[in-house]
Structure formats: C-alpha cells, structure tokens
Amino acid sequence: MSVEVGTELPEQTYRVTRADLVRYAGASGDFNPIHWNERVATSVGLPDVIAHGMFTMALAGRAVTAWTGDPAALAEYQVRFGRPVVVPDDDAGAEVTVRGKVGAVLEDGRVRVDLTVTSAGEKVLSLARAVVTLP
Amino acid sequence: MALDPGLVGRSYPPSAVYEVGRAKIAEFATAIGDPDPLYRDAEAARAAGHPDVIAPPTFAIVVSLEAATGVLDDPEVGIDYSRVVHGEQRFTHHRPIRAGDRLVATTTIENARTVAGNDMLTTRVDLATEDGEPVCTATSMLVARGES
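Chain order of the listed sequences is A and B.
First residue of the first sequence: 1, per the working numbering; consecutive thereafter.
First residue of the second sequence: 136, per the working numbering; consecutive thereafter.
Source of the hints: derived by calculation from the structure; they are not laboratory data.
Ideal Cβ placement from N, Cα and C applies to all residues, glycine included.
Some clues are possibly wrong.
Unchecked claim - Okay, the calculated beta carbon distance ranges per label pair:
#1 A251/B with R83/A: 17 to 27 Å
#2 N253/B with R39/A: 21 to 31 Å
#3 G281/B with F31/A: 20 to 30 Å
#4 S2/A with D139/B: 48 to 58 Å
#5 E211/B with L127/A: 27 to 37 Å
#6 E211/B with G109/A: 40 to 50 Å
#7 S2/A with P210/B: 47 to 57 Å
As the list claims (entries may be wrong) - Calculated Cβ distances over 10 Å to all of chain B for the following chain A residues:
#8 V5
#9 T7
#10 L9
#11 P10
#12 E11
#13 W36
#14 N37
#15 A92
#16 G93
#17 T97
#18 K101
#19 V105
#20 L134
Input sequences plus hints: build the corresponding full structure.
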C-alpha cells in the first residue's frame, strides 16, 4: 500500500442503538448503568443513555483495521474521550462517523493515522491516533 | 481530598490468570459489529500466520479494565467508583491477543493528580502470558469528577 501524509481512509459511519450497548455491555463486562438505564444516566447529569467510550473506540478501530485489511497491523491505539455519544431509546439510535488520514510516515513501514470521530455533528473523541504497520 | 502524588509508581500483585476463549473473542467481535474472519475462523487465522483466532485490538480492555479499576479499591487511593468516567485509553500491542492465551495483568499507577477538584488517575496494565511473554500494555486514565 502506498501512502503519504494526508492520505485519507475511507469514511465509515456506524449506527449505534440501545440494543448494541446492551450487547457490548455483556461482551465487555462493563455493566455501568449509564450505558443502558436512562433513569441512572439522567440522575448523574447526562442528557440520556450514552455509549461506552470503549465501544466508540472499538468502532473507530474498525475503520482503521478495515483500511489496513489486517487487524494484527495495529500496533498502538489511543484516544481521549471528549464528549459522550448520546443514544436515544428509538430504532434509529445514534450515528458515529469516523474519518482518518495519515498524519505521519514513521520508520519500519509504520504510519500514524489521525482519526476524527463525530456523532450528531460533535467531535466525541480527541487525540485519537493509531500506529499501523503497512504491508 | 487530593490524590497523593506519592502513589505514582505503586504496583499491585499480578492478577489471576485470564484464559482467552474463542467464543469470548467471537462474542466481542460481534458486539462491535466487526465481521473479520480472523476473529472467528481458526483456519483463516492460521492462514494469516496466527496460531489461533486473534482478538480485535480493543479486546484487551476485557482483561485490563478490571485490573485498572481495582486500584480504586486501594484505601490510599480512595476514589468512589460511582464518580469515575473513562478519560483516556491507550493500547500498545506487542502482538495480537489470541485464543488460548493465559494472560496475567500487572498494574502500576503511572500518574496521580488532582486538577480543579477532579482526581485523575492513570494506570498502566501490562498483560503478559503466564510464561512472561509481553502481549499488550493498556493505559487507562480515569477521572473522578469533584463533588460540586
């Protein structure tokens, strides 16, 4: 794969519903009720149930591994959780959009990918970066 | 009460062994909606050079988060879990986690500070096999919002 600084990854959009959060809670073991119980979420000052930050991080990671074609190529991955992804109790849920571009070409065939992850028009992750080894 | 900067560097005893199962990896991959066959099909994984199915990059949190949040139970840390939100997360993969791995988590406090009444605790969880092969380093920054 030939890339240079500025090379863009295909944009990905993922839909997130309450059912997805329940499934993620079970798979990850993170049963914090703010991710499935509106009563608890609003009682701690959130607008509604929010997605697990780690779920959003996993979705953004999919955009990277789909691009490289090899999940084992992802060597480093970091994010800061900026704003929550608010997931309403309806069938449409929330949308998470992941854009990425190559921010740096490193040694040994590795590149740094800088990600922009938004939901409802707001950036939900910041300093979201992955270092991948390209074939 | 402000976090004691003297906590930095404190290490905790290794966790019990977590044995990574194929079904757990597949369940996690399905939960994040990722159809990649390397997470489900051992033959496909072997064809790609792995001994067994591998786990998605963020699967490490399944093993590391319990170790990271366990630090909150240290009486000298004294953070109320109900006030905690996940601030930052970083993974450094030495190799993919795979089915059959028997992982041990060792946790170290990397940073502890209190900013504007919010406690910010950074823990590093080193995941290695029972035999000591490094697999993944998972660094979590947890924020306990100040009571206002």
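- Message: If you test the structure against every hint from before, which numbers come out violated?
- Response: Violated hints: none at all, because every hint is consistent with the structure.
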